[in-house]
Amino acid sequence: MNDIIQDITTRFSVTDIINKRENLTFVTCRKENTISLITHLRDREKFTHLVLLTAVDWIEDNLFQLTYILNNPTKKIDIAIRTMIPRDNPVMESAHRLWEQVATYQRELKEMFGIEFPDSPRLNEPFILEGWNEIPPYRRDFDTKKYSTETYFPRIGRGTNDPEEYMKSKLYPNDPTK
Amino acid sequence: MSEDKNKNIQDINTPDDKFIHPENKPRTVISPEGEEIHIEPLRDYFLEKRPEVIQPKSDAVEKFLNWARAESIWVLGFGTGCGSIEIPPLMTPRFDAFRYGVQMRPTPRQSSAIIISGYLAIKTLKRVIRVYEQMPSPKYVLALGSCTINGGMYWDSYNTINRLDHYIPVDVYVAGCMPRPEALLAGFVQLKKKIKEGRAEGANEYAEKFDWYKGNQKKIINDWNMPDYNW
Chain A
1 MNDIIQDITT
11 RFSVTDIINK
21 RENLTFVTCR
31 KENTISLITH
41 LRDREKFTHL
51 VLLTAVDWIE
61 DNLFQLTYIL
71 NNPTKKIDIA
81 IRTMIPRDNP
91 VMESAHRLWE
101 QVATYQRELK
111 EMFGIEFPDS
121 PRLNEPFILE
131 GWNEIPPYRR
141 DFDTKKYSTE
151 TYFPRIGRGT
161 NDPEEYMKSK
171 LYPNDPTK
Chain E
1 MSEDKNKNIQ
11 DINTPDDKFI
21 HPENKPRTVI
31 SPEGEEIHIE
41 PLRDYFLEKR
51 PEVIQPKSDA
61 VEKFLNWARA
71 ESIWVLGFGT
81 GCGSIEIPPL
91 MTPRFDAFRY
101 GVQMRPTPRQ
111 SSAIIISGYL
121 AIKTLKRVIR
131 VYEQMPSPKY
141 VLALGSCTIN
151 GGMYWDSYNT
161 INRLDHYIPV
171 DVYVAGCMPR
181 PEALLAGFVQ
191 LKKKIKEGRA
201 EGANEYAEKF
211 DWYKGNQKKI
221 INDWNMPDYN
231 W
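From first to last, the protein sequence lines stand for chains A and E. The numbering of the first sequence is our numbering, which starts it at 1 and goes up by one. The numbering of the second sequence is our numbering, which starts it at 1 and goes up by one.
Please note: incorrect hints may appear among the correct ones.
[What the hints assert, rightly or not] Taking lysine to aspartate or glutamate pairs in the DMTMM-like style, the calculated list, with each CA pair at most 20 Å apart, reads:
(1) K123(E) to D57(A)
(2) K46(A) to D3(A)
(3) K123(E) to E108(A)
(4) K219(E) to E150(A)
(5) K123(E) to D3(A)
(6) K25(E) to E130(A)
(7) K218(E) to E150(A)
(8) K219(E) to D143(A)
(9) K218(E) to E108(A)
(10) K20(A) to E108(A)
(11) K214(E) to E197(E)
(12) K126(E) to E182(E)
(13) K123(E) to E150(A)
(14) K126(E) to E125(A)
(15) K31(A) to D57(A)
(16) K218(E) to D78(A)
(17) K46(A) to D78(A)
(18) K219(E) to D78(A)
(19) K123(E) to E125(A)
(20) K214(E) to D3(A)
(21) K126(E) to E130(A)
(22) K219(E) to E134(A)
(23) K145(A) to E201(E)
(24) K214(E) to E150(A)
(25) K214(E) to D96(E)
(26) K214(E) to E52(E)
(27) K126(E) to D143(A)
(28) K123(E) to E133(E)
(29) K194(E) to D156(E)
(30) K146(A) to D156(E)
(31) K219(E) to D165(E)
(32) K123(E) to E134(A)
(33) K25(E) to D143(A)
Treat the hints as calculated values from the structure; they're not laboratory data.
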């Protein structure tokens, strides 16, 4: 694992190397180098299996973080590549030519975060949401509670109770000391 | 909500309709004999008439019919949420819903009851409405789980409804998260009682307040490609 990390550090100038476990390492890579780094890992280092592709919304830094987790089935090690893309213009190079199934992850990210992956197949078809007209719902500036309250007829009378206070008032209604 | 968001079947020809898959768009095909056939795939399976209120002919006949309906509830085998996992054990020897005259049917056209088992996403609600409208009247709805009552643990979700009774009429609620099959059986007993008393008039209620129900449904379903009962 360490020699792989050393190798990609010199070749692709990855930063922020974090060893989560002895078989899982997180690295951060620049946006332009990411696809070539993944291609290198798949073809040279035999990380042949893509575990997942996901995104995180760092709204304070105005960034989206994309995480690609790759797995080497023979050595049984994982490497996670993080890359930051601007939140204003979220465009990332598509990886569907490396693994076909990435296209599905990218469709999901397009729908849930609004991240564009040019040339990715069926990217603009509805994936889970049908007829969604708001901003993508996984973005943190989307207020899901407000949207739900305005749209879905909340039942009046729904409230929350502190369990301790509630049980006290039920069990000892006349004795406030308990 | 503006008119253009509620896509109906007549807007199907507009080129900018992004919601309808190409193979569902109306088009002209040429048969092997060389004959031109115009097909509209989405319209083929639609009902063409508004639902109507069916008045009982006489009290005695209605009472007998209600007894017969209550003793033979045919349930559509359609699970919408996590509660659908409670339905298979319901038919096994341990719970044996068949004792109560409850049995599963594979198609809405043969069913008299539907179990809404848990949360309903918008995508599922659309299918539920189509299924409910295809069921022959009288039809009963049994809502299973907290999610159908007030949204349950998904009450603030962007994609699941909070109250089922705003979209289709509900006869019996079974509360819980999740209710066990025994609770579901109790719900069926309650439904039978309600039918025998002549109070399970969900289908007539749907026909009476049809515009209100349609308005609520169209408020949240933006890619409306279901019948609008206006042709």
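Problem - Hints not upheld, ascending by number - result: 1, 5, 9, 10, 11, 12, 16, 18, 20, 23, 25, 27, 29, 33
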